[in-house]
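Undergrad: One-letter residues, chain by chain:
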Amino acid sequence: MREDTTREPVRSTAARQREALESVCAGLRPGEPLPDQLEIVVVGSNNHPGNFVLRSGIDDAPIGLVTTPGKSAAIATDLTLETEIPKMFGRLPRGGDTLSGAFVEDIRAAGFDVLFAPTPHNPFHVRIVAKTHTFDAAGREALALAFDRIVRQR
Amino acid sequence: MKPLKTFEDLEAMLRQWVSFADPHLYDAGGMVLLFAACLDNMRLRMLEAELEDIDSYLTDEQKEFLLKLAAIVQRAQSPG
Chain A
104 MREDTTREPV
114 RSTAARQREA
124 LESVCAGLRP
134 GEPLPDQLEI
144 VVVGSNNHPG
154 NFVLRSGIDD
164 APIGLVTTPG
174 KSAAIATDLT
184 LETEIPKMFG
194 RLPRGGDTLS
204 GAFVEDIRAA
214 GFDVLFAPTP
224 HNPFHVRIVA
234 KTHTFDAAGR
244 EALALAFDRI
254 VRQR
Chain B
536 MKPLKTFEDL
546 EAMLRQWVSF
556 ADPHLYDAGG
566 MVLLFAACLD
576 NMRLRMLEAE
586 LEDIDSYLTD
596 EQKEFLLKLA
606 AIVQRAQSPG
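Going line by line, the protein sequences match chains A and B.
Taken in order, the first sequence gives residues 104 to 257; the numbers are from this note's numbering.
Taken in order, the second sequence gives residues 536 to 615; the numbers are from this note's numbering.
If we strip away everything but chain A, and leave its shape as in the complex, we get (with noise of 0.2 Å):
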């Protein structure tokens, strides 16, 4: 796990990664678990706790064969406001908007799994689901931490 810190974003290519990522998606199914190496993001600050609460009615809704409850995030691509918000909720990026990032090894080091939850609109979506943690106060604190700050719009 890491400290609350901001990275810089990864310079290269959105085409690159796209290709490279819809490589890795294509050789994942949906509900099986992702690699430790794969980065996801959330919108929202990774110091939030609060965050990773369960949405009734969202979090717990079956996607496909993923019907675990957990909380929604996609999986990486440039790191990028500009990509990673339209991908996510089909929006160009606002003053106000936070991207937060993990490794899927860190969010496992957290007591969570990480499952490919694709949508017919959003292909990178993945669940955040409890594995040896739930999503209680004390689970909430340890995946907090598992995320770092990637980018704040202003």
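Hints listed in this document are in silico derivations from the structure and should not be mistaken for laboratory results.
Where a beta carbon is used, it is the ideal one built from N, C-alpha and C, also for glycine.
Take the hints with a grain of salt, since some may be wrong.
[Unchecked claim] Listed next, the stretches of chain B that the computed footprint assigns to chain A, with coverage defined by at least 3 CB atoms under 8 Å from CB atoms of chain A:
(1) 565-573
(2) 596-609
[Stated by the list, open to error] If you anchor each label on the Cβ, the simulated ranges turn out as follows:
(3) B/Ser591 with A/Gln140: 55 to 65 Å
(4) A/Asn150 with B/Val608: 13 to 23 Å
(5) A/Asn150 with B/Phe555: 19 to 29 Å
(6) B/Glu546 with A/Gly160: 30 to 40 Å
(7) A/Pro133 with B/Phe555: 21 to 31 Å
(8) A/Ile161 with B/Cys573: 54 to 64 Å
(9) B/Phe555 with A/Arg255: 15 to 25 Å
(10) A/Gly199 with B/Met548: 17 to 27 Å
(11) B/Leu593 with A/Arg132: 40 to 50 Å
(12) A/Arg255 with B/Phe600: 22 to 32 Å
(13) B/Arg610 with A/Thr171: 31 to 41 Å
(14) A/Glu135 with B/Cys573: 51 to 61 Å
(15) A/Arg194 with B/Glu585: 23 to 33 Å
(16) B/Phe555 with A/Gln140: 29 to 39 Å
Position chain B against the provided structure of chain A, taking the given hints into account.
TA: Here is chain B on its own, set in the frame of chain A:
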């Protein structure tokens, strides 16, 4: 997304809105931006006299939530 034909369609869509792209991923920031658009609309178009009447449109739960939001904004603006 269903086409919006009536006022009630728009109201129901906003009440159930999750995200513009992915119904499994709630866009909290996006909802705040839509709320901000409503605030801008009201600020620019509503008459002072009409603002005086907003209380009558809101439920007790909505008023309580609005006060909670106001307190959060006020806290964020306080120095220190």
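Undergrad: Against this structure, judge whether each hint is valid.
TA: Outcome of the hint check:
1. 565-573: Coverage by chain A holds for the stretch 565-573 of chain B (3 residues, Cβ < 8 Å).
2. 596-609: violated (count 0)
3. B/Ser591 with A/Gln140: 55 to 65 Å: holds, 57 Å
4. A/Asn150 with B/Val608: 13 to 23 Å: This hint holds: roughly 20 Å between Cβ atoms.
5. A/Asn150 with B/Phe555: 19 to 29 Å: 27 Å Cβ-Cβ, so the 19 to 29 Å window holds.
6. B/Glu546 with A/Gly160: 30 to 40 Å: violated, 19 Å
7. A/Pro133 with B/Phe555: 21 to 31 Å: holds, 23 Å
8. A/Ile161 with B/Cys573: 54 to 64 Å: About 22 Å separates the Cβ atoms of isoleucine 161 of chain A and cysteine 573 of chain B, which means 54 to 64 Å is violated.
9. B/Phe555 with A/Arg255: 15 to 25 Å: holds, 21 Å
10. A/Gly199 with B/Met548: 17 to 27 Å: holds, 23 Å
11. B/Leu593 with A/Arg132: 40 to 50 Å: Cβ of leucine 593 of chain B to Cβ of arginine 132 of chain A: about 48 Å, so the range 40 to 50 Å holds.
12. A/Arg255 with B/Phe600: 22 to 32 Å: holds, 26 Å
13. B/Arg610 with A/Thr171: 31 to 41 Å: holds, 36 Å
14. A/Glu135 with B/Cys573: 51 to 61 Å: violated, 41 Å
15. A/Arg194 with B/Glu585: 23 to 33 Å: Distance hint for arginine 194 of chain A, glutamate 585 of chain B holds at roughly 30 Å.
16. B/Phe555 with A/Gln140: 29 to 39 Å: Given about 31 Å between the Cβ atoms, the range holds.
In summary, the structure is inconsistent with hints 2, 6, 8, 14 from the numbered list given earlier, while agreeing with the others.
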